[in-house]
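Each protein sequence line maps, in turn, to chains A and B.
Each residue of the first sequence is one higher than the one before, starting from -2 at the first, in our numbering.
Each residue of the second sequence is one higher than the one before, starting from -2 at the first, in our numbering.
Hints should not be assumed to be uniformly reliable.
Same chains, same names: a pair is fine if it fits in one copy or spans any two.
Quick list of in silico lysine to any residue cross-link-like pairs, SDA-like style, CA-CA up to 20 Å [as the list claims (entries may be wrong)]:
hint	residue 1	residue 2
1	Lys42	Asp20
2	Lys107	Pro52
3	Lys107	Gln91
4	Lys6	Leu119
5	Lys107	Val92
6	Lys1	Arg68
7	Lys42	Arg132
8	Lys6	Pro104
9	Lys1	Gln126
10	Lys6	Ser105
11	Lys42	Arg77
12	Lys107	Pro44
13	Lys107	Arg132
14	Lys6	Glu46
15	Lys42	Cys14
16	Lys42	Ile7
17	Lys6	Gly124
18	Lys42	Leu88
19	Lys1	Glu54
20	Lys107	Asp9
In case anyone wonders, no lab produced these hints; they're calculated from the structure.
Number of protein chains: 2
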Amino acid sequence: MTAKTVFSKIIDGEIPCHRIYEDEHVFAFLDVGPLASGHTLLIPKLPIERLEDVPEEVAAALGRALRMLGRAVITATGVRDYHVVQKNGSLAGQVVPHVHFHIIPKPSMKEGLGMRWEPGSLAQAEGGQLAERIRSALS
Amino acid sequence: MTAKTVFSKIIDGEIPCHRIYEDEHVFAFLDVGPLASGHTLLIPKLPIERLEDVPEEVAAALGRALRMLGRAVITATGVRDYHVVQKNGSLAGQVVPHVHFHIIPKPSMKEGLGMRWEPGSLAQAEGGQLAERIRSALS
């Protein structure tokens, strides 16, 4: 058995948190290192490292909770715009090996999450082959 | 009635796309401005601008599809790490006013999505009050 992550300890009450929401599948609380006031973390209760490995019903519960938390964070902070971000793997910057979605209010251009967004272009032939490979992987 | 967005036109087949997945509630296709090969967009079929406004069953379908697409994009690209990102509002960088989740492979530190992540700290008293406001907004 692997050691408990900090998130499992939070769920089990071994580490304190500012709890926001809990149901059968998910748990939400304030991030202690907020990018902006209201920065919230949503996690599955199961100690699973990556999004593609959560059970289907847990993925559905995460989707429902994101919607609900988005609305509540807007109401509580008065900040309407926000990002939802989830990182899988160390290259993506994941630190705690337990799935977590960030809900991060964006009060202004300088506050909250900043992104480096440098789009390339998708060649027609490449796109066709790539989409076919992803469709095949789905089935 | 507002004008159709490019995403509604894609769903309706008025604009071509490299389609990946479709079910009752959601639609997925390749982003034409990829940050990395395999960059996929997941959208609800309903033309709703912001995540907090999608119906509950659509939010659940988005969660299920994210998990499934994450796995398929890994298999198809051979890149294991990835980001999930969703932007609400112009301050957050949302351009098309129709909810969309990005699934963005992260092949290396320099490719894919880059983030400016500058965490602050959460004071105990502030955290308690903030969590209470968000909990109240949920109910």
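Here's how the hints hold up against the structure:
no., hint, verdict
1, Lys42 - Asp20, "within (9 Å within a copy, 27 Å between copies)"
2, Lys107 - Pro52, "neither (37 Å within a copy, 31 Å between copies)"
3, Lys107 - Gln91, "between (23 Å within a copy, 16 Å between copies)"
4, Lys6 - Leu119, "between (44 Å within a copy, 19 Å between copies)"
5, Lys107 - Val92, "between (24 Å within a copy, 18 Å between copies)"
6, Lys1 - Arg68, "neither (31 Å within a copy, 25 Å between copies)"
7, Lys42 - Arg132, "between (30 Å within a copy, 19 Å between copies)"
8, Lys6 - Pro104, "neither (31 Å within a copy, 31 Å between copies)"
9, Lys1 - Gln126, "neither (41 Å within a copy, 29 Å between copies)"
10, Lys6 - Ser105, "neither (34 Å within a copy, 31 Å between copies)"
11, Lys42 - Arg77, "neither (28 Å within a copy, 23 Å between copies)"
12, Lys107 - Pro44, "neither (34 Å within a copy, 29 Å between copies)"
13, Lys107 - Arg132, "neither (39 Å within a copy, 27 Å between copies)"
14, Lys6 - Glu46, "within (15 Å within a copy, 36 Å between copies)"
15, Lys42 - Cys14, "within (15 Å within a copy, 37 Å between copies)"
16, Lys42 - Ile7, "within (10 Å within a copy, 36 Å between copies)"
17, Lys6 - Gly124, "between (43 Å within a copy, 19 Å between copies)"
18, Lys42 - Leu88, "neither (24 Å within a copy, 32 Å between copies)"
19, Lys1 - Glu54, "neither (23 Å within a copy, 32 Å between copies)"
20, Lys107 - Asp9, "neither (36 Å within a copy, 37 Å between copies)"
Of the numbered hints listed earlier, those contradicted by the structure are 2, 6, 8, 9, 10, 11, 12, 13, 18, 19, 20.
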